[in-house]
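Visitor: The listed protein sequences derive, respectively, from chains U and B.
Once you know that position 251 of the first sequence is 250 in numbering that gives the first Met the number 0, the rest is easy, because the numbers rise by one and skip nothing.
Once you know that position 151 of the second sequence is 150 in numbering that gives the first Met the number 0, the rest is easy, because the numbers rise by one and skip nothing.
To be clear, the hints were calculated from the coordinates, so they are not data collected in a lab.
A few of these clues could be false.
Unchecked claim - Chain U side only, calculated, beta carbon under 8 Å to chain B, not exhaustive: (1) 16; (2) 20; (3) 26; (4) 45; (5) 48; (6) 55; (7) 57; (8) 187; (9) 194.
As the list claims (entries may be wrong) - If you want the footprint, here are the derived chain B segments under chain U, 3+ residues with CB under 8 Å: (10) 49-61; (11) 182-196; (12) 236-244.
Glycine is no exception: its CB is placed at the ideal position from the N, C-alpha and C atoms.
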Amino acid sequence: MNYLRLLAAFFWVSVISELAYRVNFVWQLVQSFLSLGVSLAGLAVIFSYTETLGGWRPDEILALVGVYFFVGGLIGLVVQPAMEQFIESVRDGTLDFTLTKPEDAQLTTSIKRIEIWKLIDIVLGLAVLVIALIRLGENVGAWQAGAFVLMLTAGGVIVYSFFLILATLSFWLVRVENILMIFQSMYEAGRWPISLYPGWLRYGLTFIIPVAFATTVPAEALTGRLTWQTLLVAVVLAILLFAASRAFWRVGLRRYSGASA
Amino acid sequence: MKALAELYTQQFKTTLAMMFQYRAALVIWMIGQVLEPLVYLIVWSIVSKNSGGSIGSYTTSDFAAYFIVLMLVNQFTYTWIMYEFEYRVREGILSFALLKPVHPIHSDIADNASSKLITLPTMILIAAGLALGFHVSISPAPWAVAVFIPVLLLAFLVRFLLEWTLAQAAFWTTRVSAINQTYFVLMLFLSGQMAPLTLLPHPVQVAAAILPFRWMIGFPVELLLGRLTLTQALTGLGAQVAWLLLGFVLLRLVWRAGVRNYSAVGA
Chain U
0 MNYLRLLAAF FWVSVISELA YRVNFVWQLV QSFLSLGVSL AGLAVIFSYT ETLGGWRPDE
60 ILALVGVYFF VGGLIGLVVQ PAMEQFIESV RDGTLDFTLT KPEDAQLTTS IKRIEIWKLI
120 DIVLGLAVLV IALIRLGENV GAWQAGAFVL MLTAGGVIVY SFFLILATLS FWLVRVENIL
180 MIFQSMYEAG RWPISLYPGW LRYGLTFIIP VAFATTVPAE ALTGRLTWQT LLVAVVLAIL
240 LFAASRAFWR VGLRRYSGAS A
Chain B
0 MKALAELYTQ QFKTTLAMMF QYRAALVIWM IGQVLEPLVY LIVWSIVSKN SGGSIGSYTT
60 SDFAAYFIVL MLVNQFTYTW IMYEFEYRVR EGILSFALLK PVHPIHSDIA DNASSKLITL
120 PTMILIAAGL ALGFHVSISP APWAVAVFIP VLLLAFLVRF LLEWTLAQAA FWTTRVSAIN
180 QTYFVLMLFL SGQMAPLTLL PHPVQVAAAI LPFRWMIGFP VELLLGRLTL TQALTGLGAQ
240 VAWLLLGFVL LRLVWRAGVR NYSAVGA
């Protein structure tokens, strides 16, 4: 409960500080709509030359695009900005202020900065997802919906843990601002079903940079492609990575020497 | 002129030193530069195989050639000035540049060119590897290769001038990431990065011919692949020169207005 109150407070602070940049809001709106528009136009072009792409029908790819925008929005809303700020705070020593607070430092670090404009992407992603679902019609049953929510959660946890591990490296390496970019540049590939890619790339996008679990796997759940094995791997990996990132964070924290300590 | 030459040499040394300091960042950034064209290469190859081995005038291996050459052209013309400039204005670092007796664009050009001395050979190796992997061969006419060199240089200059001008939006709004994103999204669609422009609907092709994006990326690629006639190549060259002049005028106007609008701490 306390955590939710904290989250609300951080969210409110972000809203207030962002409202100072009103022109930016208009541009963010334009940009989100445009990038979705171009994404859909690209799909329209591709599907004007083919019926299916790697076995995926247009509406199924549309659902994947919805997931792509939704998850990308979530990462941009809270995970990435907070991790960037955390890396910065290790470098300049302001992490001290977080550590002296009574709440769990990993939690406060993870929600400290919120990029509210990404809510637009989240809403747009959801809208596309809903449209895709309506068009897919009765093919989506309760089991698919349940598996989808479960896989989305697992994917979210996996991505969060991955970011936390990368960011925690800053306790040793100090200058790692750019390390987070690796996810961003790989995420682009998550726009399409991972099964399209050659083996080495598919492997890399699944186990080295876990883009597959963030986009393809939830979309697979929705379109009835998910196997029990994938579901199990995703859940187990989410739990393991979360535990590992937490442990790694603690080890890192012990190394932190602060600005004043 | 001599002072400028010295500035370029010094900037070259500084940039080299910086790049060796941020090796990891460089590698990560290059992965991104390779991945995007590679993804579209794979997607279009699959589409092409689905429809019997070719779409329009592009066979499956033509798609591979297209996106591999595009990777190189994009690498050659790429700038990061739009990210850099926001930071300079927001933090007030630009004030120092304004004190210097030369236009700040010079050190930016030098910085950009020298960083490419390192990234470009790496990219050529990657492209060669991919070309082997995807069994790509291109055989452009000798005249196309000869025209390609000035076309590529013009593509770089046009892109540099326009992006440098656009970067100055930072003088008015301070936060420009959304403007940058808008620009990159338009470019993705209209420059030929997403698909060869001839495969897009006719209205899009017309828009692409009027806007500068095609002349910065798609046009050099098509030229080197031997898909243009001499007349088309020369017309394209004309379009590039026109955009170069326009870009130059725009840059002067925007820069003058922008600097007047700039108010840093202590300026």
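Visitor: Are there hints from earlier that the structure breaks, and if so, what are their numbers?
Guide: 1, 6, 7, 9 and 12
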